[in-house]
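> Chains as they are written, first to last, in this note's numbering: chain U, 1 to 119; chain R, 120 to 231.
Derived from the structure by calculation, the hints contain no laboratory data.
A portion of the hints provided could be inaccurate.
As the list claims (entries may be wrong) - DSS-like cross-link-like pairs, simulated, lysine-lysine; straight-line CA separation at most 25 Å: (1) 43/U with 198/R; (2) 67/U with 23/U; (3) 19/U with 87/U; (4) 154/R with 198/R; (5) 146/R with 65/U; (6) 63/U with 154/R; (7) 227/R with 43/U; (8) 23/U with 65/U; (9) 87/U with 43/U; (10) 146/R with 43/U; (11) 13/U with 87/U; (12) 19/U with 65/U; (13) 43/U with 67/U; (14) 19/U with 43/U; (15) 154/R with 43/U.
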Amino acid sequence: EVQLQQYGAELGKPGTSVKLSCKVSGYNIRSTYMHWVNQRPGKGLEWIGRIDPANGNTIYAEKFKSKATLTADTSSNTAYMQLSQLKSDDTAIYFCAMQATRVPGFAYWGQGTLVTVSS
Amino acid sequence: DIVMTQGALPNPVPSGESASITCQSSKSLLHSNGKTYLNWYLQRPGQSPQLLIYWMSTRASGVSDRFSGSGSGTDFTLKISSVEAEDVGVYYCQQFLEYPNTFGAGTKLELK
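Throw the hints in and build the complete structure from the sequences for me.
And the structure:
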């Protein structure tokens, strides 16, 4: 069974950074792309970016290019996203999501990490 | 960026009735390989989204055949036949043709 494990919550102060993790079991992340999506309180889904864990290549949505940094550790089968210069409107649930073989969509999702930015 | 625009549902939907959710893209999602890169997801309350449909009309693994997708290059419909309690939530369309993989704003389905 494929599982994407994320921590439930993170608290960050304005101006600081947080690093979120997404540990995958049951699937080798070298064989797929790992994506990150956010959801602000009461709002819809927003695609942040994706990483190819096999070579580290990344693509970001324009608005997240200076906000998010995606990395992956294939030895631990884990994807990471660092959010920098936190502001109150970065408060959101952040999901990692993964494509399955030959499926052009997010077949697998983590349960999400709620990031709260507050002093 | 490709803009995805979703229609509203005349909520609430009576249990057992069918419901159709529409989605439009600002650019054709038809690829040169003949496939249309449009996905549908359901996010139940308090849960992560679940992939329902990809390539506009292919059901994802384990998805009920009460869900069906159709459309053209820019206009799409998700039909849910015989709506049940477990179908309640917010439905999102997403284009997977190019980055950024944009989502629609979501369509809420409530049950009567």
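> Taking each numbered hint in turn, which are not upheld by the structure, reported in ascending numerical order?
Of the numbered hints, 6, 15 do not hold.
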